[in-house]
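Trainee: Sequence:
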Amino acid sequence: MKMVINGKLIDKDDKIDVINPANNQMVDTVPSGSREDIKNALKAANDAKKDIKEMSSRKVSRILYNIYEDVLKNSNSLAELITLETGKPIKDSKDEIKRSVETILLSAEESKRIYGETVPMDACIGGRTTLGFTIKVPIGVVSAITPFNYPVNLAIHKIAPAIAAKNTVILKPSIKAPLAALKLAQIMASHLPDGVLNAVTGHSRIIGNEMVLSPLVDKISFTGSVETGISISNKAGMKKINLELGGNDPLIILEDANINKAVTAAVSGSFLNAGQVCIAVKRIILHENVADEFINKLVSETSKLNMGNPIEIKTDIGPLIDEDAAINVSTLVDDALNNGAELLLGGKRNGSFYSPTILDHVTPNMKIVKNETFGPIAPLIRVQSVDEAFEVANDSKYGLQAGVFTGSIENALKAARTIEAGSVIINRQPTFRTDNMPFGGFKMSGMGKEGVKYAVEDMTKTKLVIFG
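Going by the working numbering, the first residue of the sequence shown is number 1, and it counts up by one from there.
Simulated from the structure, these hints should not be mistaken for laboratory data. Nothing here was measured: the structure is a model prediction, and the numbers come from that model. A few of these clues could be false.
Here are the simulated lysine to aspartate or glutamate pairs, EDC-like style, with alpha carbons at most 16 Å apart [claimed, not checked]:
1) K348 - D324
2) K367 - D395
3) K136 - E457
4) K112 - E457
5) K91 - E312
6) K414 - E255
7) K8 - D194
8) K314 - E80
9) K12 - E36
10) K453 - E109
11) K261 - E301
12) K414 - E388
13) K8 - D47
14) K367 - D335
15) K176 - D324
16) K370 - E391
17) K370 - D395
18) K176 - E323
19) K2 - D13
20) K2 - D17
21) K348 - D334
22) K397 - E227
23) K367 - E342
Whole structure, please, built from the sequences with the hints as guidance.
Mentor: This is how it looks when you write it as C-alpha cells:
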C-alpha cells in the first residue's frame, strides 16, 4: 500500500511490515515515511487551502456525497483489510465500515449547515447604528493522528468533518494497522483537489513530531494514549488541539437493575474487539445484593463466546493487536490474582489471543482497574451502596464514558449528576455511540468533542464583521 501526498501515490524503499495478529503472517507493507515526506505533505496541504476554501458549500457537500458512494462500494474490501491487519472479527469490521460511511454522509449534510449569527451591537454603548455578524471560516491545515483499533472510523471522524469545514488534512494512521486507512485516503483523495487530503505512514519519532511542531499546522486531532496526548499538548503551542485519550470506563449494576439486560451489556461492553475499545467496560461495579445472580449469568453468557479466526463470521473474539499486548494483559491478570482477585473464567493466553476473562473480588487499587486495560477482561468490584458505587466509579484519572443499570429514576438522575464522565449511559450497552453525538471525555480522557456537528464547529474559526 502506498502513501498519498499531493494527489500522488508515493512508495519508498524503506518499508514497514503489517502483520496479521491472528496468524503472524505479513499482510502487506507500507512506506516508512521520512521527514522530507511529511514536509512535502504539509506543504501540499498548505498550498491546497485556497483550492478548497474557494469551493461553494454545495460543491464540498457533493464531493462528500460522491466519496460516500465510493467508500460504500468498497465496503467489503475495507472490512476485510481491517480484519487482516487488526484481528478484529469480520462482523465487527463490517459494522465499523457501516458507521464510517454514515459519518461521511453526516459530514456531507453538515457541510451545508455552517452558520454564523447576528450580534446585537445596539445592546452596548456606541453600537446603536452598527450592524454586526459572524461568519465561520476554515481553520486551515489539520493533522489527524489515529490508533489501530478503529482504523477507518476514527480516521473518518477527523477527515470528513475537516473537509466539510473546507480544511486540508494530513493523516497519520497507526503503523500497526495502516492499510484500511490508506485505502480510505486513496479513495477520498481521488475526489478532491491535489493536496487537500494526504496520508503519510511512518514512525512517530520521525513524522509525528513534524505534524505537531510544524508552523503550517493549525489544528491537531489525536486519538491515542495519555502519554502521547500530554506530549502533543506540551509541544503544540498556539495550535488548536483535540485529544481523545481513552478511558477506564465503569459499568455500574445497582440492586434494582434488570440483571438480564445488565449481563448482556456487560458481555458486549467488556469483550467487543477483545476489549480494545476506548469506551469498553474496564470495571464492573456491582452491588453486593445482586452479585451472585449477576456473576452466574455473566459467566454463563461469556462462556458462549467463540474465540478463533477473525475472518470467520461465527467468531466473536479475535486476537489482540500483537503478542506484546496479550502479554501485558496476562501480566495484569496475574498481578490481580496475586493480590486477592479470584479467577472465574478465562485467564489463558495463546500467542496474541487472550481468552475472555472474568475476575471477582477485584479492589479499586489493583493495577488491572487503576489504569486502562486494553484487553478482554471483566473485573468485578463489589460495593455496598449507591454512593459507594459512584465514589468508586469516580476514583479514576479517566472520565470518558460510564454505564449504569438501575430501575430507579432517582438513581439514574443521581448518576447523571454525580459521575465524572463525558457520557453517562443509562440502562443500555455502555459502549453505545452514534456518530452524530458529542463524544469526548473529562479529566485525562482528553479535551474537545468529536461527532460530526461538533467536530465541524471545532474545525472553524469565528470572524466578526462590522458595518458602521
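Trainee: Each hint should be assessed against the structure and marked as holding or not.
Mentor: Tested hints:
1. About 14 Å separates the Cα atoms of K348 and D324, which keeps this hinted pair within 16 Å; it holds.
2. The suggested pairing of K367 with D395 holds, with an alpha-carbon distance near 13 Å, which does not exceed 16 Å.
3. For the proposed pair K136 and E457, the alpha carbon gap of about 9 Å is at most 16 Å, so the pair holds.
4. For the hint linking K112 to E457, the alpha-carbon distance of about 12 Å falls within 16 Å, and the restraint holds.
5. With a CA separation close to 8 Å, the supplied pair K91 and E312 stays within the 16 Å bound.
6. For the suggested pair K414 and E255, the alpha carbons sit about 15 Å apart, so the restraint of at most 16 Å is met.
7. Annotation: proposed proximity of K8 to D194 holds, straight-line Cα distance about 8 Å (limit 16 Å).
8. Using a Cα cut-off of 16 Å, the hinted pair K314 and E80 holds, with the two alpha carbons roughly 15 Å apart.
9. Simply put, K12 and E36 have alpha-carbon atoms about 12 Å apart, close enough for the 16 Å limit, and the pair holds.
10. Between K453 and E109 the alpha-carbon distance is near 10 Å, which keeps this suggested pair within the 16 Å criterion.
11. About 12 Å separates the Cα atoms of K261 and E301, which keeps this hinted pair within 16 Å; it holds.
12. Simply put, K414 and E388 have alpha-carbon atoms about 13 Å apart, close enough for the 16 Å limit, and the pair holds.
13. Our distance criterion of 16 Å between C-alpha atoms is met by K8 and D47, whose separation comes to about 15 Å.
14. The hinted pair formed by K367 and D335 meets the criterion: a straight-line CA distance of about 7 Å does not exceed 16 Å.
15. The suggested pairing of K176 with D324 holds, with an alpha-carbon distance near 12 Å, which does not exceed 16 Å.
16. Proposed proximity of K370 and E391 is supported: the alpha carbons are some 14 Å apart, at most 16 Å.
17. A C-alpha spacing of about 9 Å is found between K370 and D395, which places the hinted pair at or below 16 Å, so the restraint holds.
18. Between K176 and E323 the alpha-carbon distance is near 12 Å, which keeps this suggested pair within the 16 Å criterion.
19. Of the supplied pair hints, the one linking K2 and D13 holds, its CA atoms being roughly 11 Å apart against a limit of 16 Å.
20. Proposed proximity of K2 and D17 is supported: the alpha carbons are some 13 Å apart, at most 16 Å.
21. Only pairs whose Cα atoms come within 16 Å are accepted, and K348 paired with D334 is accepted, the gap being roughly 11 Å.
22. As the CA atoms of K397 and E227 are separated by approximately 13 Å, the hinted pair is consistent with the 16 Å bound.
23. Proposed proximity of K367 and E342 is supported: the alpha carbons are some 15 Å apart, at most 16 Å.
Going down the numbered hints, you'll see the structure goes against none, and every one checks out.
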